[in-house]
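*Asks:* The lines below spell out each chain.
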Amino acid sequence: MRSKPILTVLHRLAILAYVVFALFPLFWLLKVSVTPNDLLYSEGVRMWPSRTTFEHYSFVIAHSAFPTFFKNSLIVAGSTAVTVTILASLAGYALSRFNFRAKYWIVALMLITQMFPLVMLVAPIFKMLSPLGLTNSLPGLVLVYTAFNVPFATFLMQSFFDGIPKDLEEAAMIDGATQFVAFRQIILPLTLPGIAATLGFVFTAAWSELLFALMLISGNDASTFPVGLLTFVSKFSVDFGQMMAAGVLALIPACLFFLLIQRYLVQGLTAGAVKG
Amino acid sequence: MTLAAHSHAAKPLRKRIADASEPYLYSAPALILIIGVMLVPLVLGISYAFRDIQLLNPFSGGFIGLDHFRALGQDEAFFRALRNTLWWTGASVFLQFLFGLILALLLDKPFAGRGLVQALVFLPWAVPSFLAGLNWAWLFNPVIGPLPHWLYALGLLDAPNNILSDPQLAMWGPIAANVWWGIPFFAITLLAALQAIPRDLYEAASIDGAGPVQRFLSITLPFLAPTIAITILLRTVWISNFADLIVVMTNGGPADRTQIVASYIFTQAFKRLDFGYASAIALVLLVLLLVYSLLIVLLRQTLLNKG
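In order, the protein sequence lines correspond to chains A and B. The first sequence begins at -11 in my numbering and counts up one residue at a time. The second sequence begins at 167 in my numbering and counts up one residue at a time.
This is chain B alone, in the form it adopts within the complex (with noise of 0.2 angstroms):
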């Protein structure tokens, strides 16, 4: 009791300090963590990608300036990379978000046993992502899986044979494992956005006469657009970095044809240890991401000077 009451009076400066310290405190061990694990390599491979270093070159480690960057221009893998990762995050996000979107409104609805098909729906978000991927990789394979005899069946492919090395298809198969891990991610947030949308406002509405689409377009969709336009933004950024499942079912291949940009820093630093190249592409990537989220804040700006 002394003590509370002692610092209620004027403090002395010594417990001062100890206030006004206290916050740091409680986050220090967090931020020296994450300055000395994330922000330093970060600054570090900012400034690899303007050096040669190469991990089995003990030579290696001057300054070479642009040169990393000259090269990229010519580089051809690099450019497909390009073509590939907006191919790869389209038409994931898009599938994604039109099956987590259909299930959120299933699983609106109340129902006997919603709570175990929730579980069971949402389960392959907690797969981890290597087995995904490699999960999906065996069912294209044609030894094992049925997925080449059932697309052949119906008509889709001319031979039961593995879309995973086709490459013109190949593209195909880390996306059906990205739509099948990512649909309760956009499931989940978009039914937490239904849920919060008052009753009453449908009752209202097919009181004076709104049907189910119409009631769907002028109540449903205008609640959920802030959520959806937030998800689908904050996915296009993370989907776009994601390369596990296309490391794990084709490794980039056939000829390069899935390669990400993502995935190929990695094969960079991975396979050919050049870790300035790795670098030097990651910081295009790093600066093509900035300029697209800073996009995102000009739309939401002029959008919302408009309203």
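Extracted from the complex, chain A is given alone in its bound form (with noise of 0.2 angstroms):
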């Protein structure tokens, strides 16, 4: 079957348009991020200013606390991302594997956790945690995230679970070794690659995370990315350069992350279909 020529020109005119109007607003952020201060006004709605300059990439790294930030963001990103990972390789495991009585009211639980807005919990989380001493700490906050994520890694470990035949360890067992011992040493490494789309999933929601960060911290010592950024934002709102230049360095982890867990979008959505 071949299409016409001119089927062809607006096909990939249509991609085209697609392609510029994802880029175009990370593009601008970028424009802004480089642009001096002298020209941000008179040169405002150029696509690419006369001079660039790095002035606002160097003086948030060296005078901002948006390191801090940064550290606090990558803290609780990762240690979030690794828990979760760790849990839901557990309990995902349970699910693709035995046949349990409980097995239906878990499935059940989780399902639950993911249809009621977690808006709903700001007030009671903060009620719980702050005679705890976990308001205003990142471990605090890591708990919190690591609870949210669970469910939907459970869901996306079990499905890269069940895609490994039940053989493998069924040989493993009959040679002596527990179904545990099995898990540990012929399962899992054979899931590393779900295990890694795992990793960056939770590791980018974790990142992105902002109604949570902002009700439970409070001082700038703790506050991760988004925080920091929106404090920011509302406190020197002039300063566009600046901030645009710290939005840029936010989003590099998530992009990175994006590109190694870009192969997994499918497979993690479908197995995910409840989340976002």
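Okay, derived cross-link-like pairs now, DSS-like style, lysine-lysine, Cα gap no bigger than 25 angstroms in a straight line:
id, chain 1, residue 1, chain 2, residue 2
1, B, Lys275, A, Lys(-8)
2, A, Lys223, B, Lys437
3, B, Lys437, A, Lys115
4, A, Lys154, B, Lys181
5, A, Lys91, B, Lys181
6, A, Lys91, A, Lys154
7, A, Lys59, A, Lys223
8, A, Lys19, A, Lys223
Keep in mind that the hints were calculated from the coordinates and are not lab data.
Each chain sits in its own coordinate frame; assemble them with the hints.
*Replies:* As structure tokens, this is what we get:
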């Protein structure tokens, strides 16, 4: 089936329009972040400034609290991703390989947690964490994010385990290994791509989370990137170059993880179709 | 070897208990966390809806029955937020779906560089939501963003002003950001469904003389229908609860014109620190979402019975 050239041209043009639409906001972020302050207003709508500068970046890195926010976000998103992946591998393995009485209820519980509005939990979680000293602390955030991400990650890991034939660990168990040893030494290494995808998904989610971080964190010391950037925006809303330089920096880890998980997007989204 | 042989013989009680408890041991850490950090707060939150809980008032905490709900019945801002939620959700889901479907159809055709194009058009999905919100707020800012000037040049705006501070137009700001951010989700899901359609169906249809429109209507659409239905339904619930973009871009303003129920709950808890009232609104939202889901299940049931 050969399609007409005119259709091919239209198809490529439509694709181009989508690429431009997807990238333009990010391009603009980058453009303003390298525009010197004196050109910011005079060359407002130009596609690229006549001079570029990295002074906004160097200011943000050397003279602002953003490196702390960046570090905090890395700690929170990294620990959340690792903890969730461990817990979700275990739970996902149980759902994939065992038939047990409570399985139905566990799945139902996990599905319910994906349906109700998380914003409902903002107030009660604050009330629960504050006497424990877990507000305004990074471990508190890790605890909350881990719980929020475990259900989705469990379904994701389960779908990866389901793709591995059962004979593998049955053979190992006939050779005398316990099921846990078979799981750890045979099945887990085979699921490495799945583990990478889960790490990526959870890292991105924890890196982006805003509302609970705003509610639970108040001081600069424990601020994550979203909280720090929003505070910065509401305090110094005229330093556009610096804000956008900070924005570009916040984008880097998310984009890196996106490239990592890109291949697994379809599987991830169909496994966790209940989540966003 | 002896151990394995042993376990295949009559199992002693201890071994049987160990076997039966194995799946529970695997899932226990995840379950404890979900129950402790999601289920317990959910129940607590429901109880707050009937109590007077204000963070800054040490004498609060008493049981007040339905007072919050009576106040809610008089709360103009709440009803406006309810209307805004419908508008926000409807417009966002419709536009995301429409553009997502078109993108999926475009990407379903093989062409040189498809992998790269896919990575680029799906990139917005990886952008943290707070950054997407800020990014679009800046684009709408006439000082540094091009959009007001372009819209003015096209004759869509009377003057190059920030639509985010115009009560009539403000909601379009977060909707635009949400559409940009959410198109990849629909496109990815629909693309996966499209690629599962057997190719020979199309060939058979074109041999029988079916044109592209006819092929789309009688092959593609019926095959996609279940995916479309489930994605739209789940996305509707998700987007109606999605307050990040609004909190970042407008904070519900100007004059509550962009306040949706989810952002209203957050504002009550975060700004006013009135946890009781926030929880009462949250409970109403929960009930509305339950009713919506129930209606969908019933609708599906009747459609299935018909078919």
